[in-house]
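Line by line, the protein sequences give chains A and B.
The letter at position 37 of the first sequence is residue 96 when you use our numbering, and the numbering goes up by one with no holes.
The letter at position 38 of the second sequence is residue 76 when you use our numbering, and the numbering goes up by one with no holes.
Among these hints, one or two may not hold up.
Stated by the list, open to error - Think about it this way: if two alpha-carbon atoms lie no more than 35 Å apart in a straight line, the pair counts; the simulated DSBU-like pairs of lysine-lysine are:
id: 1; chain 1: A; residue 1: K116; chain 2: B; residue 2: K253
id: 2; chain 1: A; residue 1: K106; chain 2: B; residue 2: K129
id: 3; chain 1: B; residue 1: K253; chain 2: A; residue 2: K111
id: 4; chain 1: A; residue 1: K106; chain 2: B; residue 2: K253
id: 5; chain 1: B; residue 1: K253; chain 2: B; residue 2: K129
id: 6; chain 1: B; residue 1: K342; chain 2: B; residue 2: K228
id: 7; chain 1: B; residue 1: K314; chain 2: A; residue 2: K116
id: 8; chain 1: B; residue 1: K342; chain 2: A; residue 2: K106
id: 9; chain 1: B; residue 1: K253; chain 2: B; residue 2: K119
id: 10; chain 1: B; residue 1: K206; chain 2: A; residue 2: K106
id: 11; chain 1: B; residue 1: K196; chain 2: B; residue 2: K313
id: 12; chain 1: B; residue 1: K334; chain 2: B; residue 2: K228
To be verified - Below, a sample of chain B positions facing chain A; criterion: calculated Cβ distance under 8 Å:
id: 13; residue: S75
id: 14; residue: T167
id: 15; residue: E170
id: 16; residue: K318
Source of the hints: derived by calculation from the structure; they are not laboratory data.
Where a beta carbon is used, it is the ideal one built from N, C-alpha and C, also for glycine.
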Amino acid sequence: MASVGRPLYNFLFRRNYVFLGVIFASAFGFEIAYDTVTDRIWDNINKGRQWKDIRSKYIESEGGDDDE
Amino acid sequence: MLARSALRSKRTVGAVRNGAVHTSKRAASSSSSSADSPFRLNMAGTAATAVAIGSMAWYYHLYGSELHAMTPAEEGLHPAKYPWVHEQYLKTFDHQALRRGFQVYREVCSSCHSLSRIPYRALVGVTHTVDEAKAMAEENEYDSEPNDEGEIEKRPGKLSDYLPNPYKNDEAARAANNGALPPDLSLMVKARHGGCNYIFNLLTGYPEEAPPGVKLADGLNFNPYFPGTGIAMARVLYNELVEYEDGTPATTSQMAKDVVEFLNWAAEPEMDQRKKMGMKVLIIGSALFALSIWVKRYKWAPIKTRKIVYNPPIQAGGKH
């Protein structure tokens, strides 16, 4: 336990700004990762139902204009 | 434990015996002349029970039954339930159906019904591209800002304009429709009992002719799903009424289904986003809930599993 805990303590918990910074950075990273994964699940559940799935039909017929 | 329950039972037996003794004494002192026969006691008990049951039945008869202000015909037939896919917890609207539904609204419903809470910009990215929405908006004319002479001129519509109303005001709408006001459809799915099912049944539920014996006022049509069964709107959806651009066969039920889904979107345009966010929140929330359970058990473990032992002080010399 001490062999694992010691470097963890020295790196992470010893200085509060490192500890806080790691928390903020990991929250930021987690949200990006979580949103990416759940959006992919959602799009898989609703395959073919959303506007982005049928948008290409109407964009092309409009002449390839690329706004919204 | 055994000894204690035995004690208690003996005590209750004693109490009963004491009570019996007291009551017999009291009965003897109050009605000393006639000893109560078992027959009269039975009669009294039966009569009391009958009175109790009778009064409860009478009370229920007076106040217990459900009151209906209207007859079943005035309530309207309950709509049949359909398995709407977009009403499932994890399903969005089918946007192809929304596009078809908007086409039905625009070509059929909009001649009488307004959709006043939907601007053209709301259609962008939902059913139409921005160019299509702009083109549709420009087909209508709206009042512009007053010019230098204070005159209000007309200008072509913009994306920020709302869908135009078919009538200038409610009075004009009533005058054009035999006194009946076609309601605004923006929130209609939320505003009616049964929601999607009700509107779908109403649109598809017109019988060929009214059943015999039904008397309808002038200008009304029979629809069993409409409260009162007399509805000013005639059946409007017939097969092949509109021509879908995506080639879907335009049957009555297909058009009704599409327009109902579109009206549900109009009432709840946030639904797709709301369900997606709900899924995310439930996943995170259940993970945090499980974590909190674990932390609680972890923190309480030493308290729950400790053993408290009382060690009496050792008496050194026996007596003080």
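Here's how the hints hold up against the structure:
With a C-alpha separation of about 51 Å, the suggested pairing of K116/A with K253/B is violated against the 35 Å cut-off. The hinted pair formed by K106/A and K129/B meets the criterion: a straight-line CA distance of about 10 Å does not exceed 35 Å. Among the hinted pairs, K253/B with K111/A is inconsistent with the structure: their alpha-carbon atoms are about 51 Å apart, more than 35 Å. A C-alpha spacing of about 50 Å is found between K106/A and K253/B, which places the hinted pair above 35 Å, so the restraint is violated.
Only pairs whose Cα atoms come within 35 Å are accepted, and K253/B paired with K129/B is rejected, the gap being roughly 44 Å. Between K342/B and K228/B the CA atoms are separated by roughly 51 Å; this puts the pair beyond 35 Å, and the hint is violated. Of the pairs offered as hints, the one joining K314/B and K116/A holds, with about 25 Å between alpha carbons and a cut-off of 35 Å not exceeded. Under the criterion of a C-alpha separation no larger than 35 Å, the hint pairing K342/B with K106/A is inconsistent with the structure, at around 50 Å.
Our distance criterion of 35 Å between C-alpha atoms is met by K253/B and K119/B, whose separation comes to about 28 Å. Restraint check for K206/B and K106/A: the C-alpha separation of about 42 Å exceeds 35 Å, so the hint is violated. Straight-line distance between C-alpha atoms of K196/B and K313/B comes to about 31 Å, which keeps the hinted pair within the 35 Å bound. Among the hinted pairs, K334/B with K228/B is inconsistent with the structure: their alpha-carbon atoms are about 43 Å apart, more than 35 Å.
Evaluation of the S75/B hint against chain A yields a violated restraint, the C-beta minimum of about 79 Å exceeding 8 Å. At its closest, the beta carbon of T167/B sits 5 Å from a beta carbon of chain A; the interface hint therefore holds under the 8 Å criterion. Given the 8 Å rule on beta carbons, the hint for E170/B holds: about 7 Å separates it from the nearest Cβ of chain A. Using the Cβ-Cβ criterion of 8 Å, the hint placing K318/B at the interface with chain A is satisfied: the shortest such distance is roughly 5 Å.
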